[in-house]
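Participant: Make the full structure from the sequences, and use the hints.
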Amino acid sequence: DTEVTQTPKHLVMGMTNKKSLKCEQHMGHRAMYWYKQKAKKPPELMFVYSYEKLSINESVPSRFSPECPNSSLLNLHLHALQPEDSALYLCASSQERGPSYEQYFGPGTRLTVT
Amino acid sequence: LAKTTQPISMDSYEGQEVNITCSHNNIATNDYITWYQQFPSQGPRFIIQGYKTKVTNEVASLFIPADRKSSTLSLPRVSLSDTAVYYCLVGDNFNKFYFGSGTKLNVKP
Numbered sequence: 001d002t003e004v005t006q007t008p009k010h011l012v013m014g015m016t017n018k019k020s021l022k023c024e025q026h027m028g029h030r031a032m033y034w035y036k037q038k039a040k041k042p043p044e045l046m047f048v049y050s051y052e053k054l055s056i057n058e059s060v061p062s063r064f065s066p067e068c069p070n071s072s073l074l075n076l077h078l079h080a081l082q083p084e085d086s087a088l089y090l091c092a093s094s095q096e097r098g099p100s101y102e103q104y105f106g107p108g109t110r111l112t113v114t
Numbered sequence: 001l002a003k004t005t006q007p008i009s010m011d012s013y014e015g016q017e018v019n020i021t022c023s024h025n026n027i028a029t030n031d032y033i034t035w036y037q038q039f040p041s042q043g044p045r046f047i048i049q050g051y052k053t054k055v056t057n058e059v060a061s062l063f064i065p066a067d068r069k070s071s072t073l074s075l076p077r078v079s080l081s082d083t084a085v086y087y088c089l090v091g092d093n094f095n096k097f098y099f100g101s102g103t104k105l106n107v108k109p
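Protein chains in written order, with the working numbering: chain A, 1 to 114; chain B, 1 to 109.
One or more hints might be untrue.
Each computed EDC-like pair below joins lysine to aspartate or glutamate, with the alpha-carbon atoms no more than 16 Å apart [unchecked claim]:
#1 B/K96 <-> A/E3
#2 B/K108 <-> B/E17
#3 B/K104 <-> B/D82
#4 B/K96 <-> A/E96
#5 A/K22 <-> A/E3
#6 B/K108 <-> B/D92
#7 B/K3 <-> B/D82
#8 B/K3 <-> A/E44
#9 B/K96 <-> A/E44
Stretches of chain B that chain A covers, calculated by requiring three or more beta carbons in the stretch to come under 8 Å of a beta carbon on chain A [claimed, not checked]:
#10 44-57
#11 81-93
#12 98-106
In short, the hints are calculated from the structure, not lab data.
Treat the numbers as computed from the prediction; the structure is a model and nothing was measured.
Where a beta carbon is used, it is the ideal one built from N, C-alpha and C, also for glycine.
Facilitator: Encoded structure:
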């Protein structure tokens, strides 16, 4: 199974809402990533978890809160988002941390903040 | 941090070989070079990775000159289904890394 799943596929939320994005992989990978991608732009790295510990936080605003409950799951908790946070949020995993390891991406969650 | 530069877009015809170059003049010793393909509304998909010289797999080749300041992704005999955005990524396993700006390849019949 080389699949990374993400739920939900689409999410519309108001600026006062709290919601969570979920990502799951069962490949035994020890690194998991969150990216944000705006239209016609490359994916931007947000967070990297390695062995369930946060190892890179790319100066992301605190309204985004990652969580790695176990080695297969990665969550992104959202609170008090702004309209400019609307984007495709991608999750990925790799055997170990870093670009020398092939990253497997999920299909993404399309987030719209109203 | 290695900054990368790619052409914004390229056009090709079915059956042709396509070469997409990525410039990374300040690549560091520990940096790897990786290429990803992305279709609209999908996550990127790994194509190929290398450190130096030439790497080939079942879908592409990657050419890296000795100074490693650039790399060229070669797609043999492209088809319409190869129309996508291609990103190069340069970085090591310990620091933050960035996707390049991407090259939109348009394959015409």
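Participant: Please go over all the hints and tell whether each is borne out by the structure.
Facilitator: Results of checking the hints against the structure:
1. B/K96 <-> A/E3: 24 Å, violated
2. B/K108 <-> B/E17: 13 Å, holds
3. B/K104 <-> B/D82: Holds, at roughly 10 Å.
4. B/K96 <-> A/E96: 14 Å, holds
5. A/K22 <-> A/E3: Holds. A/K22 to A/E3 sits at ~14 Å (cutoff 16 Å).
6. B/K108 <-> B/D92: With a Cα-Cα distance of about 36 Å, the restraint between B/K108 and B/D92 is violated, given a limit of 16 Å.
7. B/K3 <-> B/D82: 26 Å, violated
8. B/K3 <-> A/E44: With Cα atoms ~14 Å apart, B/K3 and A/E44 stay inside 16 Å; holds.
9. B/K96 <-> A/E44: 10 Å, holds
10. 44-57: holds (count 4)
11. 81-93: holds (count 6)
12. 98-106: As far as the segment 98-106 of chain B goes, the hint holds, because 5 residues have Cβ atoms under 8 Å from chain A.
The structure shown violates the earlier hints numbered 1, 6 and 7.
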